[in-house]
Structure formats: C-alpha cells, structure tokens
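A.B. asks: Chain residues, written in single-letter form:
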Amino acid sequence: MSIDTREGKPSRFGGNLIGVVMLVVAFTVSLIVATVNTLRIERPSETVIRIAHWQLEKGYREAMQEAIEEYQRRNPGVKIEQMGVTEKLYNQWVNTQLISGTAPDLCEMGHSNMLTKDEYTVKYFIPLSSLITRPNPYNADNELKDTPWKETLLDGMRGGFREGLQEYYGIPTTLISMRLFVNRTLLKEATGSDALPKTFGQWMEQCRAIREYAKRTGQERTMVPVVSCYGIQSIQGAYEVPFTSSYERMLDLDLNGEVLPIETYIGYRKKQVTLQDPSMQALFQAMKTVGDQMQLGFSGMDRQTAQFTFANQRAAFLSTGSWDASGVALQAETAGFELAVIQMPLPAMDEPFGAYIRGRQNEASSNGAGVYGVYKNSRNAERALDFLMFLTSREGNEILNQRSEWPPLTIGAKPSKLMEPFQPDPRGYNARVNISFGPRVAQAVTAEMVNFYQGFAPFSEFERIYNEVIFDPRRGGDWAWWNEYDLRRRDVRNKERVLAQDLALELINPGSRDAGRTRRAVLQQLTRYNGTDYLWLFRTQREADPYQVWKDFQPVFP
Amino acid sequence: MSTTTTGLTRAPAGGPGKIHPPGSTGTTQAPSAGGFWQRGKLYIVLMGLMLPSLIGLLLFTYYPQYGAIKYSFFDWDGSESREEFIGWKNYKDAFTVDPLFWQSFKLVLILLAANVIKMWPSIMAAIVLHRLKSERFQYIYRVLFVVPMIIPGVVSLLVWKSFYDGNTGALNAFLNATGLMQVLDWLDRTMAGDGVSTGVVNTAFAKAVRDQFEIFGVHGIWWMIIIGVLLIIARMISGNIRKHRANPAAPFLSGGAAVMIVVALGLALAFCTWPTRPMNVFSLGTTPWLGNPNLIIPSVIFWGFPWVGTVGVLIYLAGLQNISTDVYEAAELDGVGSIGKFFQIELPLIMTQVRINLIFMTIGTITDYGFFLLLLGPYGGPGSKGMVPGLYMYSAAFIEQRFGYACALGMILFVILLAITIFYQRYVRVDK
Amino acid sequence: MQVFALGDGGSVKKLSICLILLSICHTPALASTDDAFAAARQTLVELDWKSAIRLYTPLRDAAKPGSKEWNEATYCLATAYHHVQPPSYDTIQSALNNYQQVIDKASDPRFVARAMMNLGRVYELRDYPEDIVDMDKAREAYEQVVARFPGDPIAGEAALRAASTLVMAFDEPNYEKVKAGVAFLEKWLADHPNEELASVMWQYIGDAYFRPLQDYKNALQAYEKVDKLGWTDQGNQGPWYWRCAQLAERFLDQPEPEIAAKYYAKIIIETPNSGKAYESMQALRRLNKPVPYSPLFAKFDPTAQPTTQEAVTTQPATQRSDR
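Chains as they are written, first to last, in this note's numbering: chain A, 1 to 558; chain B, 1001 to 1432; chain C, 2001 to 2323.
Hint data in this document are derived by calculation from the structure and do not stem from the laboratory.
In silico DSS-like cross-links for lysine-lysine, where the CA-CA straight-line distance does not exceed 30 Å:
#1 Lys2137/C - Lys495/A
#2 Lys145/A - Lys2262/C
#3 Lys2050/C - Lys117/A
#4 Lys123/A - Lys2050/C
#5 Lys88/A - Lys1161/B
#6 Lys2299/C - Lys145/A
#7 Lys2068/C - Lys495/A
#8 Lys1385/B - Lys88/A
#9 Lys2187/C - Lys495/A
#10 Lys495/A - Lys2179/C
#11 Lys58/A - Lys2299/C
#12 Lys1070/B - Lys2050/C
#13 Lys1385/B - Lys288/A
#14 Lys88/A - Lys1070/B
#15 Lys2299/C - Lys198/A
#16 Lys414/A - Lys2299/C
#17 Lys2262/C - Lys2187/C
Here the structure is a predicted model, which means the values were calculated and not measured.
Whenever a hint applies, use it, and build me the whole structure from the sequences.
C.D. replies: See the structure below:
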C-alpha cells in the first residue's frame, strides 16, 4: 500500500492498488483471448490455417486477404488467418512461436536465423521436394495442368531451394526486379516532350535538360535529374552485364556460362582484364556520367529521402525496385503527375559507350521472393500446402500480385498494368566481370568507387586503392581465394550430414531414402573436390606456392 | 573483544567472516539451534527472493559475455555448421593482418577529443539552471530538458540527417542565407589552394607537421596531442593545479598549456584532416555533408549541436543541488565571483558526475556502431571515413559472417575500455 | 523483456540450452523401448545430433551386442558423434570407436558396409582444425567395402569415392593419379552396366577429363553418356549443357555443330531459367538450326535487339479508378 506523503497515512486508493487492478484485468483479458484462440485452432469443425509474413507494404495484406477469401469460398470449412508482423519484430516473434510450438502453419522464410539456417529449417519445416513434382490441381483449367508444380513458376521454384539440405523448403510467390521510374509530367515541362528515353544518350540529354530547367526556374539547389533508393550500385548493377559480358569467352575457365569472382581475379592477375580496358573504362565513365546527374554527394541519400524527393517532383527519374512501385504510384497520384516505368536505357551504337555494349542483362535467372514454408508441427500441413498451391496457381497468383501490385511468378499469370514493365525480360546476357573478390575488396570497391562517381576523387585514386587491397595477401584476392577454397571444403563436409542421415534412416527403414537427393548430394560433393580444385587452380594459375602464401591462414593444410 | 550489534557484522567468536543478519546480537554467544533455524529460513527466503534476479543476471548478462569470450577463440559463422576452436588465431589476425581495425581508432580518438569538449555545454547548462533564482523557472527548464528524452533516438537521428541533406537540409539553407557558405568556399580554396597557388595545408610547414611519423597508421602528431591532452586534463582534474593555485604563476602555466594544446590541436586538425585538394563542394550551395569523405568527420563532430545532453544536464544538476548553501555563502564572504565559484566550488564538487559521464561517453564513443551504420552504411560511407571499431566489428560479424573474429575484436575493445576506465579512476580525482 | 531478444544465433542457443535443461528435468519415462527408438530416430530426422547421442547411448548400452537394436543404436550413435557440432578430436574418436564396433560385432552386413564407408569419410574429410586428411587410408576403407560387399548398392558409391580420392590429387603435370581414378571408374562402369550411380560417375569422369586433363573429346563423350542416362541434378544441369555446347562448338579439333545445337536446344527447352537461353537462341541461329519454342519468351521477340526496347508507361490514376 502506498503512503500519502501529505497526510503521512496509508492511501486507500494508492497507485499500487491501481497497478494490481490493471494487472489482473490485463491477465484476465489475455487469458480469455488465448483460450478463445486455442479453442478456435482446436475446433474440429473448422480447419484454421495461419499464415505469417512481414509484408506490410501498401496493398499486400489486402491482396492476401482477397486470395484467402477466394480460397475459403472454394473450400468451405477452411478458415485462413493472416498475421502481418512488422519487419523489425518478425525475427523475435517467429523465433518465440517456433520454439514454443505455436508457430503459424505457413511462415514467410527470412529475417530470422531460425528461418534461414539449415539446422533450424530442417527442425521446424516440412521438406517439399517430393510434393512439388506433381501438377498443381488449381491449374487444372489452363495449359499448366500437366506441368509439375515446380516448373509452373518462372524461377523453377529456385527461391525455395536449400542448397545445403538439397531440398525445397519453401514456395516462392512473387518476383522482384529493379526499374527506372519516370515523372513524365516533369519531363514534359523540362524538355517539351514526354517521350521516354530509349537510349542512354537520350536519357543523359534529358537529365541535362532537367538541370537547365531547374536553373531556369530557380530550383537549382533543390532539383536533381536522378535519385536512387539504393545508391548508384543498384544502377550499376544493370550496366555491368551489358558492358562486360564479352569477357566471358576469355575468363570463364570452367565453362559454366558465368564469370565467377575468382575467375575475374585470375584474369586480373594475368592482365586479361584491367581497370583501364576500354570496355571497363566505358562502364566506369558511364556510371560517372549518371553520378553527375544525381545529387552532389548522393551517397548520403537514403531510400526514404530518394522517394520523398521524387514524390515532391524534385527529381525526374527514380531507380528502385518493384516492391516500391505501388507506394510510388500512390505518391504520383497524390502529387498529380504521370508516372512511367522503364528498364535502364542502354547506350545505342552511335552514342558514346555504345561500341562497348553487347546487349541487355537477362532476367530469366532471377529467383522468386515471398517464400513461404510449412511448419512441421502444423495440424493441417496438407491444407496449408494446398493453400500455397492456390497462391501459386495462375489464378491465385494473379489475385495476390495484381492487388498488391507485385510482379506475378506463375507462368502466364497476368500482372497489373503497373507491374507490366516489371515482368522479367529473358532476353540478354548474364555473365559479368565482378571485381569485388572477397569481403575486404568488396568494402574497398564500395567505399572508394563511390568517391569517383561523386566526383570527389579521380579514377586513378580508386585504381591505386583497389590494387593495394586486391594484391594484399592478408586481405585481398589471395586471401579471398583461400576463403573460397575453405568454403568449398566446408560445403562438402556439411553435405555429409545429409548423406549420413539418409544412410542411417535407410538402414532403419529400408526404402525410405530419397535416392535422387542422395545422388544429387554425392554429385555436388564430388564436383567440389573438397576444395582441392581451387588449390590446383592456384598452383597452375598463380606463380606461387599456395602452401607458402596461405600458411598463416590455416593451421593444417590437407 | 566487542562488536557492533547492528546490521551485517562480523562475529569473531563465530569464526572470522561469519555474517550476522540484521537484528541478531552478534555477540560471542554460540547461536542456539532455534536461532540458527530461524536464520536459515531467513536466508532461504532472502536467497529465494534474489534468485530470479540472479538467474536473469547470469543468463542474460553474464552468459552472453561468456559466449563472446568463448567464441573469440572459435572460427564461427553464427551457425552450428561452422564452429571450430582455433585458439588465439582471431587475436593474432586482429593484431597482424587487419590494419583497418586499428585505422578505425584514428576516428575514435578524434571523436573522443571532440566529445570531451562537447561535455562542457552540458556542465554550463546545468550550472546556469542551478543558479536560476526562480524555482518555478528552474522546474520548467528541468521539465523541458526531460521532454526530449521521450523522443526515440532514431527520430532525432533522422531529423539530424535531414538537417544535413545537401539539397533540402536546413544547414545548407542557413549557410546560404547568411553568406557563410561563401566563407566556407573561400576557406576551401585558401586552405588547399585553388590549383594555382599551394594553399595553407600544402606549405612546407604543414607537410612537416603532417608527415611527422606514424604509429599504427596514426600520425605522430596525433599521438602527442592526444597523450598531452589526456595528461593535462588528468593533472587539472586531479587537483594538482588547485593545490598550487596560491602560486601566482599557476593560472598562467595552466592557461599557457591550454593555449598551446588548442593551437597544436588546431594545427593538427587543419593539416592532418583538411584535404590537400580543394573540395569544391561549397560553391553550388548544396554541400553534401554526409556524402563527401572530407566532410564526414566534421559533420559527425558537429552532430547534436549545441551538445546539451538532457541526461548529462540532469546528472550534473543532481550533483550541484547537493552543494550546501553554506559553501556559497562562505565564498561570497571571501569575495569569490561567478567564475571563481564555478572553478573552485561547483566543478570540483561535481567531479563524481563528470567522471561518470566521462566513462559513459568513452564507452559510448568506442563501442558505438548503430549511429554510423544508420548514417553511413556498413562500410562507413565514402572512403570508409566513418569507420569506427564498433562498426568494423559489426561488419566483420554481419557482412563477412566472421562472428568469432568479431567476438575477438569485441574482447580487444573491452580490454581497451577497461584500461581507459582504470585510467579515469586513477587520475580523475574527486574532491569531497 | 529480455526473453524476446532472440535476434542472434547466440541468444537462440542460450534459450535452447535452457529448454534442453528443462527438458532433461522433465522428460517423462518413455513407455517402451519402441517409443525410445522412435524418439531417437526422430532426432536423426531433425539432424539433432546432440539429442541423438543422449537418446541412443542408453539404448546401445541396454541392447545385446549383435542384436538388431544394438546394430541400430551403435550405428546411429556413431553417426551422431560423427556429425555433432562442434566437432573435436573426442567426438570423432567416439565416432570411429562406434563404427569399429559395428564392423566388429554387427550381425547385419548392411550396417557393417556403411560403417566401413563412413570410416573412409572420416579419413577423407577434415572434421576439426587439427584433423589430418588421409586419402590413402580413406581409399583403403572404400576398397574394402567394394571387396567385401560387392552386391550391396553402397559398393557403387564406395567405388566412386575410391576413384575420387585419386582424382582429387590433381597431380600436375602428368596427372597419373587423376588418370588412374578415371580408368578405375570406367572399368567399374564397364563391369557394372546397371550401376545406380552411373550417371553421377560419367558426369564425374567428364569433369575430370575437362579439368584438369583437358581432354575435351573424352569429356564430351562422357557427358553424352550422362545425357542418355539422365542428368542427376535435374533443373540445375544448365551449366553442364552450356559446357557441352561450348566444348562441341569451340574446343574440339573437329567441331561438332550437331551436338552443340542439341545442347543449345536443351538449354532453351529444359533450363530456360539458367540465364543462357537467349544466347542459345543466338547460337542456334548462328548454326542455322531451328530455334525451339519456350513459353518464357512467349511475350518477347527473341530476335529483337534487347538494347533499345520500348518502355511501358502507366497512368496510375486511371488504373486506380478502374478498380
């Protein structure tokens, strides 16, 4: 009981009593809610499926609800509850639910170690490989009716595949891609035409016109032609393949159709590729040209500021991803300007840099996103999986993605009008020169390259720092090479767990083994050679003994 | 032999070190069986009450620390699939193959020096508040100081970030409106030269200062200044100067030392951090405070201006309010003025609070990473100019997936902090 | 509350330890041996090796050596010690001891063969930092499996592993070991036409011919055999198709455009998501071969230069009012 200090006597209605009452009320309410929820889950007459995700972007929950209602209409007696949890809390919330055995039947995979690390995934989620090879019954009325479920998605369900476990543990439901948003109204005001740029040269011309317009209208200090939600790196990502995919023929040592960072490093050491090569220089200079059209010191601009600047018509072009599209469209609608979405324009042959362009980067190999896994302790796992089938059927995927204005993933699913430009374009190339070999080099490239693009340092400065880092045996290319070797070696060792599990379970219960999975794991182990192929590469491609170079980094070398 | 009879006392007859609960006699008489039982019950109850807190403390405070120590000897990527004991290798790597980690201390040393200066406005504000005659206004100001505490840190961070924005930020608007931007532009050209003339930082003297010598990637002049500043602060604070204040030369000596340090600091700051080429970022009026590598450190130092921290002010105020009015009255009788009161009464008597804030500030400065991560990204912005040890540790763990190595870096930071804290305890003396 | 701060792996581990401690205190007595075995097997399904050790140890101790229960408990205990994290000298020694006990005492030859096989795996892989890799000892173990259990399906894998210990030597400049490994596998396949792992073996032989032996003709022949048998990693064979096409078109003394065209077509039809479908279409046109249909390209004109494609414009206001 609290003391009333003025009277010096105990107070009958002091703070403590109020606290106790509040505690009792809160406890009672919680108890009632928990009991009601438990009873609802256990009610045999109605199957309740809970689906949890962190997609609180505009429109997604409504779209999911629409898909749920359609599914419930087709499946009376099934009730699906959607649980949207904020991105920040999702990690803690889902961990607690998984450990306590009360996790939702369907969980969006990501953000938490327990949803991304193999050892937890195998414990809490159902493997799906054997279930995705049969056709999806919800596609019965279209031409995908005989196609295995896995093959009905644009990414071949790669988004749900777990390399370490050699299993599918999730079903992706949507796609993501990066595009350039254009304020056509501003473009018209500034240039007199709202024609969208078809080439890099046209784009840069329009940017210069916008600079002029800003100067004319006294907005020189507040208006810029281009902003980017994810810095210039996201823009450069669209140009690396066009400018550097020709190197594939020379650098792709294992003929797998890609230039791995280690292959770039080998080529860099052998001077097959240098930072001064005309095509590499063309890439860097083209990006510098884009950087000149962005805010001075643009690296200080974050995602929100970039969106805000574009929404306030202080930028004509915005680089961001499909996930921001509906928000940007709403802002455009509110601000009253016409919005267009295009792919990054490439230099034409007769324009500067055009001679170095091989073609566009294709988007055929992008992985699906919005991946959902089925909780192992789910009472209605089969029904939950059935709902995922519906979500990834042509019709279900259209409902989900049209309403949320995300790009659909199912082959033939029609996107919303806004999403049409985000559909993956399978035409083009995929190999690129990646000069960021290893984390330390990546740090140097990210931190120093931006200085050049912002105009705060000459290219020679970047090149000097890059060479200093990449040739530093303690943190550069050689160290990254050792790291790659080590990763391969560990990967083989990790796969051994899956094989050992298969062997033991097969002994206990003959015929239980998934022979396909075992063969795949054995093959992948063998073709990684316990990492010794990287040692061989080092011996044959580098004029040094890896034992000498790496002896400091590893206690025992095999 | 007699003993006291109150509280927790030692009872010689019961054996050295035996503890008596409150209320027991603590005499030489042997305790009866009933008394022992009673006390035992009391201990059990007390231990039972302590147990939840104790378990919580062990589980959530000490266990993670133990985990950090343990994993600093492991090659660990945060998962169970890569967890190998590798002895001292992480520590060896930190000391031998990782110059970036030690380079990141350069920024911390600059920030520490800046933060020592940034502590003064809070002390001044507390003293002004304390000396306010009107109790009503004192109360209102105290409330005003508490109100900002309820604003989440992220919000104030975002506000400051927008304040620095090149195109729409308030700072550039202010500098453009007042003409200070032109002054900065002039300084930029004058200090570094405009490409034709050599500029101040390119003079032979500046080069001599800049290219002195280097230890752990930090210029010698910095080491000298930092050590000098710490020693002089320690001496001033420890009261040695106060002892000799009767000596008429003392104020001149301490003042002279302070002036010399300020001049050295200014020169070092100018010659070691000012770019040797003009930045050319002021002429357009859209200065990128967080985008230009040369402006990142000044921006971080200026952050939070006028540096009146709410918690700091309230802590100092609490200390000031404990000073008896008799002391002030005696000082007034002796004819001590306002400044005298500050240096001779108030500052010495709130040294406990100053020391606490100094320790917290040091720990915060050395271990902080969230601020830099939100502001500049995991690599510390352009040219990694905003890379501090905490951020380096974060990127080792979450970008490179080298959690074991990050734990080792954390342990090294811990030892450094411990050493600094011991230094403060030893040299920042408190007059009671 | 602190209990919700489960963001990192360490915290999860922390909580898991508490839960394990609690579960140890509160594990109800299992109703029967069958239940105990069922619970232990579940730990294998979940790759929970620590619990497997805890549950299988008493079962092994209680069972009669050589009995069916003992075989399972000892073998699974060995497997659990083999893979429990973090691995150490002690855990691997426990695994070796238990595998050896299975080899010495198990009544079921299937268990013996697999225990022997796993001994080879322990010798071949580096399990903990100071572990010594002993390829010769590993090969010896694999060869023993082949010699003692030729009828067991595991013999094929053992043969493959034995060959791989030679191939992995990458013993430049003459590659004697690599060649010996390849020859061993080719002989095995000739002797065992129905080998379950035939496709894997041919793919491995093809890889070895490709690199380090640089015998592109034999590499392509080996891959051709894989193609007839069916690729193991279905859906992910795109890079191998590309390699085959490149070998056939660019690396042979006498180029094989027909074979190259076959693989380009396969990329378009079977692995259009590999990222190489567009280039395969270009290659087929270059080789004057028909380009197969792919639904992925249905909406796009694959002959159009994708450098200057038409942009798509949207007018959100109209679009929204429609809805």
